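Asks: Chain residues, written in single-letter form:
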Amino acid sequence: MIRVVLPAHLKTLARVSGEVRVDVAAPVTQRLVLDAIEERYPMLCGTMRDRRTGQRRALVRFFACEEDISNESPDAPLPNRVAAGEEPLLIIGAMAGG
Amino acid sequence: MTGVRLLVGTRKGAFVLTSDGKRRDWQVSGPHFGGWAIYHVNGSPVDPDRLYASQTSDWFGQVIQRSDDGGRSWRPVGGDFAYAGEVGEHLWYDGTPRPWEFKRIWHLEPSHTDPDVVYAGGEDAALYRSTDGGQKWLELTGLRTHESGPRWQPGAGGLCLHTIILDPRNPDRMFVAISAAGAFRTDDGGETWLPINRGLRSAQIPDEDAEVGHCVHRLAMHPTRPDVLFMQKHWDVMRTDDAGGVWREISGDLPTDFGFPIAVHAHEPETVYVVPITSDSEHYVPDGKLRVYRSRSGGDRWEPLTEGLPQSHCYVNVLRDAMAVDTLDECGVYFGTTGGQVYASSDSGDSWTPVVRDLPAVLSVEVQVLP
Chain A
123 MIRVVLPAHL KTLARVSGEV RVDVAAPVTQ RLVLDAIEER YPMLCGTMRD
173 RRTGQRRALV RFFACEEDIS NESPDAPLPN RVAAGEEPLL IIGAMAGG
Chain B
509 MTGVRLLVGT RKGAFVLTSD GKRRDWQVSG PHFGGWAIYH VNGSPVDPDR
559 LYASQTSDWF GQVIQRSDDG GRSWRPVGGD FAYAGEVGEH LWYDGTPRPW
609 EFKRIWHLEP SHTDPDVVYA GGEDAALYRS TDGGQKWLEL TGLRTHESGP
659 RWQPGAGGLC LHTIILDPRN PDRMFVAISA AGAFRTDDGG ETWLPINRGL
709 RSAQIPDEDA EVGHCVHRLA MHPTRPDVLF MQKHWDVMRT DDAGGVWREI
759 SGDLPTDFGF PIAVHAHEPE TVYVVPITSD SEHYVPDGKL RVYRSRSGGD
809 RWEPLTEGLP QSHCYVNVLR DAMAVDTLDE CGVYFGTTGG QVYASSDSGD
859 SWTPVVRDLP AVLSVEVQVL P
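In order, the protein sequence lines correspond to chains A and B. For the first sequence, my numbering begins at 123 and goes up steadily by one. For the second sequence, my numbering begins at 509 and goes up steadily by one.
Keep in mind that the hints were calculated from the coordinates and are not lab data. Note that the structure is a prediction, hence the values are computed from the model and not measured. Just so you know, not all the hints are guaranteed correct.
To give an idea of the interface, some chain B residues facing chain A are shown, with a C-beta separation under 8 Å as derived from the structure [as the list claims (entries may be wrong)]: (1) Gly543; (2) Trp544; (3) Trp567; (4) Phe568; (5) Gly569; (6) Val571; (7) Asp577; (8) Ser581; (9) Pro584; (10) Gly587; (11) Asp588.
Under the rule of at most 25 Å between Cα atoms (straight-line distance), these lysine-lysine pairs were calculated in the PhoX-like manner [claimed, not checked]: (12) B:Lys611 - B:Lys520; (13) B:Lys611 - A:Lys133; (14) B:Lys797 - A:Lys133; (15) B:Lys644 - B:Lys611; (16) A:Lys133 - B:Lys644.
Derived Cβ-Cβ restraints for the label pairs, each shown as a range [unchecked claim]: (17) B:Arg532 - A:Glu189: 57 to 63 Å; (18) B:Glu655 - A:Asn202: 53 to 59 Å; (19) B:Thr639 - A:Glu189: 45 to 51 Å; (20) B:Thr861 - A:Glu189: 54 to 60 Å; (21) B:Asp555 - A:Ile214: 38 to 44 Å; (22) B:His821 - A:Cys187: 51 to 57 Å; (23) A:Gln177 - B:Thr814: 48 to 54 Å.
We treat Cβ as the ideally placed atom computed from N, Cα and C, and that holds for glycine.
Excised from the complex, chain B in its bound form:
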């Protein structure tokens, strides 16, 4: 029978949550790597039992863990992330130059075709690729050495490359996003990169429509329409219909357009989900109400989804990598909060139930549909 597996990264370990296709009853496994921050856990689309996890610590550095049995067992495979060639400098928060310094991996994106190929997004911003199942990592230097690199500045969470989207139709094209540099696209497999930030406006930088410097929080794509991208920016929800040629704002009637995650329905390319947060200085949901907002029109018009979610005294956030959708006929939507709850909807967001309530702060959520 079809099953669903949630891969949850938290401040203090990883958890694997499993259910059958009904998505009502869940088994919880974990914590794996207890006490370590697990920024991301992700599975191979071609071998769902091949999982990768980013295990990181300010004390002890970066470890990449791999499972070949769907998360039942793990082994450390590699954590050697170096900047290739001349390291160079970017801008620090105060505008002074600062050498690139590796801190951690934020996001792991396995290849659509080969379980041994996986991409990793780092802080300070760099893109890495492994072709041997996570053992050795090589930097794709064309991104960090883009001529705009010396002008990149960190966002509050650091100068992090947090989003990697592989174009399912074109193996040479991928998209990445960096806080607070912006979005970038490659059309040659990562050799060269193009900033794709035209149409973004950010009042937090001196030139509000600069080529780079935008705090992009997350990008999302529907696999059948790879030229359409949705973006949750620091402020503003945006979309592009030409692979980043130009963006337009679709915040519409959202109560606030600040937030972190954004996701697209598995079967409806114009159905989009966000979780608005009060503001950049108040990183919790407005009015003490946890509301997912859904647009069925590709943006501009949004409806609050509240059934099953706390509607009073709730002050959590949902971080950028902590929302995912499954591909079952009735699309499942999942998200985790900084309060340690993981919520699931098996009806496209109409209603929600908590899968778990008391995990450490959730950093990331991915979902796999199992045969």
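Next up, chain A with everything else stripped away, as it sits in the complex:
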């Protein structure tokens, strides 16, 4: 079970509180986690990455295990502790005021 923390605005949009948990088969990648989130919460399609290209939205960041993995390949395996459900994948709205 992969643990994911959504930014507050997307929690509101998806009508969830706390962490989101999704099942993803190994190898666990950023792309597969986002696929699983979007399948369960279709209103989040397009809010984290482009619907067609899959490119991360410019002001969305991905953190895991105290590392910024925003610019890692979406098909790179996520850290073992995230894949094991010991640490969450943090999806963050970039600090940009507003």
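Position chain B against the provided structure of chain A, taking the given hints into account.
Replies: Coordinates of chain B only, in the frame set by chain A:
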């Protein structure tokens, strides 16, 4: 008893303000979608409980929300706006080519006849239509692919399609306006478009009477006279009497003819409202006085309306989609400011009262009359 519902979009959420036909006491609901910019909320003329809202964020993109119960509950229905076919390029601020890139929906215009049909105006400029209540959106490509499209440039707010007017007598005719391309008309349901900018003069572009390139801020029409349009341009207040064949200036004795909104009285097609702003470099009302100007002669002669509005130390703006009129016997006029006030007049603008004073900056105001 007849009621009135104001649909207010702000920088940080939507608000629904309701009153009875007297329009004295108001109930405030919101914020809906708190923290998100709500560019526009609009209701279906044939089903007033069907509302659409454009919820948008630089972080998380575009969401269209829909309510089927007059704004008590909402659900996200669709936010997939794509450019159909070859995307192409328009001009950037510096005159260099730049690919079209979708950013947000500025304006939602529900059909006069079908609550599931709604049009949306986007940035970068494109016109979309949904026929299933906002779930799926298809671009009407004839506008963006007009031969002048590669010459369109953004205004300060972006290359935005902000005005959509459906002709109540002719379902194949509609008007749109784009900053800073100008006004366009279709007579075939959106397949092909005609630039309707003859008579406009804009000193901010190299050829001041060019076919396109004008920063039209807003168009308004009275439903009984669909060939008469009023325009607030970047500078200049204009009118056309032949559906955009030619425009003439009606700024007349306004203190300044720069502004954003323009509206027409519900029962007097020659009564027009604007809110003059100091200049293109000072986006606030002149002299610290919030004054709506009304012309009862279809332009040229204007009177300031000040009763109930702040007449000192006021430096707000009224944005292009933030003024509306209701259709009650005594026409109500409403507008919202960048300072978060929403003002209402229940006597055609003679006097005003604040409905709310401290909302986030107001982006849009629409009004519905309820049975």
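Asks: Please go over all the hints and tell whether each is borne out by the structure.
Replies: Verification of the hints:
Of the supplied interface hints, the one on Gly543 (chain B) holds, with its beta-carbon coming within about 6 Å of a beta-carbon of chain A, less than 8 Å. Interface hint status for Trp544 (chain B): upheld, as the beta-carbon distance to the closest one in chain A is roughly 7 Å, under 8 Å. The beta carbon of Trp567 (chain B) is positioned within 8 Å of a beta carbon in chain A (closest approach about 4 Å), and the interface hint is therefore held. With 8 Å as the threshold, the beta carbon of Phe568 (chain B) comes within range of chain A, its nearest partner Cβ sitting at about 4 Å, so the hint holds.
Restraint check, Gly569 (chain B) versus chain A: the minimum CB separation of about 5 Å is within 8 Å; hint holds. The criterion of a C-beta within 8 Å of any C-beta in chain A is met by Val571 (chain B), whose closest approach is roughly 7 Å, and the hint holds. Interface hint status for Asp577 (chain B): violated, as the beta-carbon distance to the closest one in chain A is roughly 17 Å, over 8 Å. The beta carbon of Ser581 (chain B) comes no nearer than 12 Å to any beta carbon in chain A, farther than 8 Å, and the hint placing it at the interface is violated.
With a cut of 8 Å, the hint placing Pro584 (chain B) at the interface with chain A holds, because the nearest CB-to-CB distance is about 4 Å. Given the 8 Å rule on beta carbons, the hint for Gly587 (chain B) holds: about 6 Å separates it from the nearest Cβ of chain A. Restraint check, Asp588 (chain B) versus chain A: the minimum CB separation of about 6 Å is within 8 Å; hint holds. A C-alpha spacing of about 17 Å is found between Lys611 (chain B) and Lys520 (chain B), which places the hinted pair at or below 25 Å, so the restraint holds.
Taking the CA atoms of Lys611 (chain B) and Lys133 (chain A), the gap is near 22 Å; set against the 25 Å cutoff, the hint holds. The hinted pair formed by Lys797 (chain B) and Lys133 (chain A) fails the criterion: a straight-line CA distance of about 42 Å is larger than 25 Å. Our distance criterion of 25 Å between C-alpha atoms is met by Lys644 (chain B) and Lys611 (chain B), whose separation comes to about 17 Å. A hinted pair counts as satisfied when its Cα atoms are at most 25 Å apart, and Lys133 (chain A) with Lys644 (chain B) qualifies at roughly 23 Å.
Between Arg532 (chain B) and Glu189 (chain A) the C-beta distance comes to about 59 Å, which sits within the given range of 57 to 63 Å. Range check, Glu655 (chain B) to Asn202 (chain A): about 57 Å between beta-carbon atoms, so the 53 to 59 Å window is met. Judged by the Cβ atoms, the range 45 to 51 Å given for Thr639 (chain B) and Glu189 (chain A) holds: they are separated by roughly 46 Å. Separation of Thr861 (chain B) from Glu189 (chain A) is about 56 Å and conforms to the stated range, judged on CB atoms against 54 to 60 Å.
Taken as a hint, the range 38 to 44 Å holds for the pair Asp555 (chain B) and Ile214 (chain A), whose Cβ atoms sit roughly 40 Å apart. For His821 (chain B) and Cys187 (chain A), the Cβ-Cβ distance of about 53 Å falls inside the hinted range of 51 to 57 Å, so the restraint holds. Separation of Gln177 (chain A) from Thr814 (chain B) is about 52 Å and conforms to the stated range, judged on CB atoms against 48 to 54 Å.
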